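Participant: Each chain is listed here by its residues.
Protein chains: 2
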Amino acid sequence: MSRLLRLAVCQYEPGQDLAANRTACRATLEEAARAGAQLALLPELSLLPYFCAVQDPRHFDLAETIPGPGTDFLAEAAKSLGLVIVGTLFERRAAGLYHNTAVVLERDGSLAGCYRKLHVPQEPGYEEKYYFTPGSAGCTPIDTSCGRLGVLVCWDQWFPEAARLQTLAEAELLLYPSAIGWDPDEQEAERNRQLEAWITVQRGHAIANCLPLAAGNRIGRQARPGGSCLFWGSSFISGPQGELLARASETREAVILAELEPGRSEQLRRTWPFLRDRRVDAYQDLVLRDTVHDPG
Amino acid sequence: MSRLLRLAVCQYEPGQDLAANRTACRATLEEAARAGAQLALLPELSLLPYFCAVQDPRHFDLAETIPGPGTDFLAEAAKSLGLVIVGTLFERRAAGLYHNTAVVLERDGSLAGCYRKLHVPQEPGYEEKYYFTPGSAGCTPIDTSCGRLGVLVCWDQWFPEAARLQTLAEAELLLYPSAIGWDPDEQEAERNRQLEAWITVQRGHAIANCLPLAAGNRIGRQARPGGSCLFWGSSFISGPQGELLARASETREAVILAELEPGRSEQLRRTWPFLRDRRVDAYQDLVLRDTVHDPG
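Chains as they are written, first to last, in my numbering: chain A, 1 to 296; chain B, 297 to 592.
A few of these clues could be false.
[Said to hold, decoys possible] Output of the computed footprint for chain B on chain A, the stretches with three or more beta carbons under 8 Å from beta carbons of chain B:
hint : region
1    : 186-200
2    : 269-281
[To be verified] Reference excerpt, derived from the structure (chain A facing chain B, CB under 10 Å, subset only):
hint : residue
3    : Ala24
4    : Ala27
5    : Phe159
6    : Arg203
By construction, these hints were calculated from the structure, which means they are not laboratory data. Small disclaimer: the values here were computed from a predicted structure and weren't measured. Don't be surprised by glycine CBs; every beta carbon is placed ideally from N, CA and C.
Using the sequences and the accompanying hints, generate a full structural model.
Facilitator: Below, the structure written as structure tokens:
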């Protein structure tokens, strides 16, 4: 990122009508371009309904190759609007091998790179381990004309490890396409705690790594057995000190914008040199899932 | 933590007068006990001026053994007030070997355990690498009658790695004795970003680990060459979803309180099972400080 970067985050409702999803996606990208954005972040599974609310083998028919129709659609938008675009697709890599894959389209329509979601959730209404094989290529930033993008996907956003790995690999900006919401039957106080936790933990990643960060989320309701999920919108852009630069509503389609200053992260890291002081000699247990320790 | 835990955080101004520091510390501990607290968290270097503002070999005379006069003083308070107490001392472990060491006193006056500050800062006004040898024993919780305490110290609070290590070792509560402040000549907007970043990154650790968390900070001004540091107070207690339960002022002595619910962390981790989904197979670069990667 060598000059002021104008970042847009597109929030819309991808539903059951695949053609309508493309129309909604394209409309927000056009709005971003009109507003002078150079980079646009889309919600997770940018062109699809949130089919993971149930485990249904027929839904694997929604998957596609990369490159394929989804990247073709986004590449055309990237080229005609002059935008770098970040979204995710349901990737069919081989028969029986599917991923939730972030794709980054350069403004000339070329595919700048991919990232396969590393942390995959599984709970009622978010049956993602059924559909998505977790990525194994780690967290590597993707170089673009808008800088070195640390792209992660939704559930990754709860893991400080993922943000740190992108940082150590010299990401300049953390981007999270997302699909997260409430149980609308949950009590309001708990719903608010969940939403604020989602924003705060990501602002924490921005701070700990001195990097700007954005999350693009879906809106709208997705039925699931016994209830529904209401995607909570609230897409946001944080500066590298965790300061909120823009935040969308919980319910409405939106394009939010912020200008990111080149060199700000390095300036901050000279004031608060966290990366200098990491104690890698003491971090061995971070790469273990189960340890034997003496509770006494 | 098997029952409701009443936690107090003591905020006061330790200055050049060592006897007055003990008086201020004891007064806030008495207030905590009167308020029914079972556990009290003190600021960093709980009984000393912030001598690290300059590099002066005479200041090593302030160091003491553990156990020693500092633990004797805190042990007497712990026993007479019936409190578990967490603070830090300037430890002399051997000639020429000094640490910034957290001590935990059980309510019977015994020493429950120690933790030597792992991440040590060094910048103008915070000349800690000159004084403190970093701990090498890692991040291990300390068992007490108030639960399994994940004690970390100040600069540690910017490192998600430290909070995660305590979590993986089954800490039930994260506690950060702190000594952090502003340059009072800094612009107000920047001062506010720094303070909010300090609170937010720690709330992020609470969320990522589903643990309650508290930070106890100093107040008052410490001169340093060419200026001063104004400790910003703002001690706080966060719940395991990052929700602020209590927050002290920036300038005044205070004892803040919160009640922590046993079992809440486990309940949260069943809803958002982050620990289940850590991708330890992809975390190898976290234990490297420098990696070779191909920037192209």
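Participant: All the hints need checking, so say for each whether the structure fits it.
Facilitator: Structure-based check of each hint:
Coverage of the region 186-200 of chain A by chain B holds in this model, with 5 residues showing a Cβ closer than 8 Å to a Cβ of that chain against a need of three. Note: the region 269-281 of chain A has 9 residues with beta-carbon separation from chain B under 8 Å; the three-residue rule is met and the coverage holds. A least Cβ separation of about 29 Å between A/Ala24 and chain B goes past the 10 Å threshold, and the interface hint is therefore violated. Against a cut-off of 10 Å between C-beta atoms, the interface hint on A/Ala27 is violated, since the closest Cβ of chain B lies about 33 Å away.
Because the beta carbon of A/Phe159 sits about 7 Å from the nearest beta carbon in chain B, less than 10 Å, this interface hint is met. At its closest, the beta carbon of A/Arg203 sits 5 Å from a beta carbon of chain B; the interface hint therefore holds under the 10 Å criterion.
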